[in-house]
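**Student:** For reference, the chains in residue letters:
Number of protein chains: 6
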Amino acid sequence: MATVKLLDDAEAEAIPAVKAVFDDIRAVRKSDFVNNFWRGLANDPALLKRTWEGLKAVMMAEGPLDPLVREMIYIAVSTANGCTYCIHSHTAAAKAKGMTDAQHADLLAVIGLAGQTNHLVTSMQIPVDPEFEVGHRR
Amino acid sequence: MATVKLLDDAEAEAIPAVKAVFDDIRAVRKSDFVNNFWRGLANDPALLKRTWEGLKAVMMAEGPLDPLVREMIYIAVSTANGCTYCIHSHTAAAKAKGMTDAQHADLLAVIGLAGQTNHLVTSMQIPVDPEFEVGHRR
Amino acid sequence: MATVKLLDDAEAEAIPAVKAVFDDIRAVRKSDFVNNFWRGLANDPALLKRTWEGLKAVMMAEGPLDPLVREMIYIAVSTANGCTYCIHSHTAAAKAKGMTDAQHADLLAVIGLAGQTNHLVTSMQIPVDPEFEVGHRR
Amino acid sequence: MATVKLLDDAEAEAIPAVKAVFDDIRAVRKSDFVNNFWRGLANDPALLKRTWEGLKAVMMAEGPLDPLVREMIYIAVSTANGCTYCIHSHTAAAKAKGMTDAQHADLLAVIGLAGQTNHLVTSMQIPVDPEFEVGHRR
Amino acid sequence: MATVKLLDDAEAEAIPAVKAVFDDIRAVRKSDFVNNFWRGLANDPALLKRTWEGLKAVMMAEGPLDPLVREMIYIAVSTANGCTYCIHSHTAAAKAKGMTDAQHADLLAVIGLAGQTNHLVTSMQIPVDPEFEVGHRR
Amino acid sequence: MATVKLLDDAEAEAIPAVKAVFDDIRAVRKSDFVNNFWRGLANDPALLKRTWEGLKAVMMAEGPLDPLVREMIYIAVSTANGCTYCIHSHTAAAKAKGMTDAQHADLLAVIGLAGQTNHLVTSMQIPVDPEFEVGHRR
Chain A
0 MATVKLLDDA EAEAIPAVKA VFDDIRAVRK SDFVNNFWRG LANDPALLKR TWEGLKAVMM
60 AEGPLDPLVR EMIYIAVSTA NGCTYCIHSH TAAAKAKGMT DAQHADLLAV IGLAGQTNHL
120 VTSMQIPVDP EFEVGHRR
Chain B
0 MATVKLLDDA EAEAIPAVKA VFDDIRAVRK SDFVNNFWRG LANDPALLKR TWEGLKAVMM
60 AEGPLDPLVR EMIYIAVSTA NGCTYCIHSH TAAAKAKGMT DAQHADLLAV IGLAGQTNHL
120 VTSMQIPVDP EFEVGHRR
Chain C
0 MATVKLLDDA EAEAIPAVKA VFDDIRAVRK SDFVNNFWRG LANDPALLKR TWEGLKAVMM
60 AEGPLDPLVR EMIYIAVSTA NGCTYCIHSH TAAAKAKGMT DAQHADLLAV IGLAGQTNHL
120 VTSMQIPVDP EFEVGHRR
Chain D
0 MATVKLLDDA EAEAIPAVKA VFDDIRAVRK SDFVNNFWRG LANDPALLKR TWEGLKAVMM
60 AEGPLDPLVR EMIYIAVSTA NGCTYCIHSH TAAAKAKGMT DAQHADLLAV IGLAGQTNHL
120 VTSMQIPVDP EFEVGHRR
Chain E
0 MATVKLLDDA EAEAIPAVKA VFDDIRAVRK SDFVNNFWRG LANDPALLKR TWEGLKAVMM
60 AEGPLDPLVR EMIYIAVSTA NGCTYCIHSH TAAAKAKGMT DAQHADLLAV IGLAGQTNHL
120 VTSMQIPVDP EFEVGHRR
Chain F
0 MATVKLLDDA EAEAIPAVKA VFDDIRAVRK SDFVNNFWRG LANDPALLKR TWEGLKAVMM
60 AEGPLDPLVR EMIYIAVSTA NGCTYCIHSH TAAAKAKGMT DAQHADLLAV IGLAGQTNHL
120 VTSMQIPVDP EFEVGHRR
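Residue numbers (numbering that gives the first Met the number 0), protein chains in the order written: chain A, 0 to 137; chain B, 0 to 137; chain C, 0 to 137; chain D, 0 to 137; chain E, 0 to 137; chain F, 0 to 137.
I should point out that these hints are in silico values taken from the structure, not numbers from a laboratory.
In this text, all values refer to a predicted model and were calculated from it rather than measured experimentally.
There may be inaccurate statements among the hints.
Put simply, identical chains are the same to the list, so a pair is met inside one copy or across any two.
To be verified - Using 25 Å as the maximum straight-line C-alpha spacing, the simulated DSS-like pairs for lysine-lysine come out as follows:
1. Lys96 / Lys4
2. Lys94 / Lys29
3. Lys94 / Lys4
4. Lys4 / Lys48
5. Lys18 / Lys94
6. Lys29 / Lys96
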């Protein structure tokens with residue numbers, strides 16, 4: 000259950016600003032499937048549009064990181080934030096972009112290790128070594 | 000300030016189990032520098048050894064993900080967990096492994112986007128689409 | 000499933016200290032409905048009473064913030080903490096206090112933006128501008 | 000210390016896409032002060048522009064929530080995420096928008112209460128009452 | 000720097016409701032030292048009193064858990080929440096209550112392990128085994 | 000639903016490195032039950048082995064903290080991290096190790112209080128008292 004209404008296709012079609020974004024999602028992804036996240040955001044057409052444009056600019060643009068690496072970074076953040084939906088949707092996206100089981104296992108190992116050392120560091124309140132601070136000090 | 004003592008070189012030398020790990024850290028990294036995290040863990044030589052062995056197994060082993068990608072995943076987790084020390088040490092490590100400013104900017108953009116959509120999804124309590132659940136259902 | 004027993008009305012009636020709080024919840028809210036949170040806390044009558052008294056003092060007292068604003072702040076914290084139950088119960092409470100769909104959408108947009116900028120700031124480890132520190136320095 | 004360079008005015012002036020955003024920040028805020036967050040984002044002019052446009056659209060637009068309420072929601076999210084910089088900058092912003100000491104105290108009380116009940120709920124794993132799910136079930 | 004004023008002794012003395020709590024803190028702890036947390040809360044005498052009464056009821060009452068165990072649980076929560084001040088103050092409190100270096104090391108090892116497995120579980124989205132759900136199902 | 004396959008007994012038996020760990024889990028716990036966490040980790044036999052060895056070293060070794068206290072610390076971390084599975088599995092483990100309802104209630108009260116004060120401290124950005132810093136300053 001969501002705390003907002005998830006717009007179905009008929010409801011989305013009836014709002015031009017929503018229809019335009021849904022059409023673009025389908026065109027860009029070459030798929031008729033529009034997942035629930037966008038159907039929830041559709042309650043606020045301006046937020047829907049901004050979020051979709053932001054996602055396209057970050058995840059789909061040409062850039063120094065390849066799309067699969069971006070998906071793995073997304074999964075890492077979503078794990079630490081405990082976002083169930085995000086983990087599911089971006090793990091599916093990563094697999095669709097070719098993530099192998101071995102890469103997934105490697106990703107999990109890094110996430111687990113970071114979780115462990117993050118907690119150890121924080122509990123010991125380790126001060127940042129001056130060696131890490133060279134450069135952009137202000 | 001840390002909540003534990005950070006062992007200096009003389010103190011570390013005096014405990015054979017600590018000395019052995021510090022020697023390995025220096026040999027593997029080809030550097031005399033041992034950062035504060037290990038100096039804090041050195042209060043518990045068994046925990047020090049396990050953590051260092053775990054880190055070597057995950058971050059330094061041959062595997063499907065390259066070392067720089069692993070560092071970026073580490074930064075992503077550490078950011079969501081708010082671990083200042085970890086962000087500094089692994090950003091330094093990523094740069095040492097060749098992370099360019101453009102890659103860093105791309106990483107930041109993905110982390111920021113994931114932070115935004117994680118919060119939107121959680122606040123709307125979006126249910127997982129059945130399409131994402133195909134496969135490993137139990 | 001909860002990790003504690005959720006006391007039903009008969010069980011709650013049988014413990015005078017629990018009955019007293021449940022009676023007060025019903026009287027204050029002018030409703031017979033006692034939600035699961037209180038039924039779980041009822042395993043510890045002293046914790047139940049302290050928590051209910053705290054909630055009344057914060058959420059229901061006359062004060063500078065109106066009750067709906069307080070509910071929206073509650074939703075914001077609960078989202079960042081990933082507390083599903085809390086998001087559901089306080090979104091329902093906010094709607095009962097008159098939160099419109101437009102206000103809900105505005106709330107979501109702020110929560111999403113804060114999530115994004117929180118992550119960007121943390122990953123960049125931006126130092127606090129001295130301009131923000133004027134005043135209560137100690 | 001930041002993990003990225005914080006561009007000073009001369010460096011910002013030299014990049015037209017950054018200069019344009021900084022000029023807009025100064026014009027919109029009617030102040031010459033550009034805080035460190037934007038100076039860090041300026042390393043990626045496209046991310047800088049998107050983030051500033053998003054902030055204007057959410058925090059400064061006419062809408063159902065007043066600007067001070069939005070700042071308080073921002074502080075609530077930033078607190079739960081442990082973002083020191085964000086707490087400082089948005090508490091300063093809230094005060095600039097008229098937040099009184101009494102409103103600040105009220106905000107803190109709600110944030111503290113939410114933190115407490117979020118933890119209690121999560122530790123007890125309280126199931127969502129069906130009464131909270133009426134409406135948008137899918 | 001705090002976002003609120005930290006009341007010094009003269010300021011605290013001038014507000015009877017604050018003075019009463021500060022006097023009780025000193026009497027209960029048998030020490031003249033009042034730490035900054037209470038000096039910040041003193042801006043809201045009612046919140047100060049409620050928080051101090053809650054802390055006495057939880058941390059200082061006779062009960063099934065001994066005071067040192069409670070301090071270690073506190074440190075565990077504070078670590079996962081990334082609360083620097085809380086980690087420092089409660090590690091100091093735990094040491095004052097007799098926490099040995101060996102107990103501290105054991106605590107850290109458990110916190111680190113939990114951080115690791117929490118992240119692994121969440122990233123794999125492991126479903127709860129029915130065996131763990133026997134009992135309080137509702 | 001998990002994002003990885005959960006290996007059943009036949010699948011686990013077919014991989015010697017997995018079989019060896021599952022055999023050890025059953026032998027150490029004197030139970031045929033292998034919970035889902037290990038079945039998910041079994042996709043990566045090396046990670047499975049490292050995680051199980053780490054858990055044995057921390058949770059089952061003789062040491063200054065008793066096993067029940069360690070489970071309660073685990074629950075505390077898992078609550079703050081919002082790890083549903085971990086809360087369920089370790090609450091079950093704590094009960095199996097003799098945690099009484101009164102101890103559970105005491106644990107919950109401490110977790111809730113820590114959640115509250117963590118949020119209050121963070122929102123007020125209380126600076127660490129010098130009195131807490133005596134000792135291990137570096």
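**Student:** Now tell me if each hint is right for this structure.
**Tutor:** We went through each hint and held it up to the structure:
no.	hint	result
1	Lys96 / Lys4	between (30 Å within a copy, 19 Å between copies)
2	Lys94 / Lys29	within (17 Å within a copy, 37 Å between copies)
3	Lys94 / Lys4	between (29 Å within a copy, 13 Å between copies)
4	Lys4 / Lys48	within (17 Å within a copy, 31 Å between copies)
5	Lys18 / Lys94	neither (28 Å within a copy, 27 Å between copies)
6	Lys29 / Lys96	within (14 Å within a copy, 37 Å between copies)
In summary, the structure is inconsistent with hint 5 from the numbered list given earlier, while agreeing with all the others.
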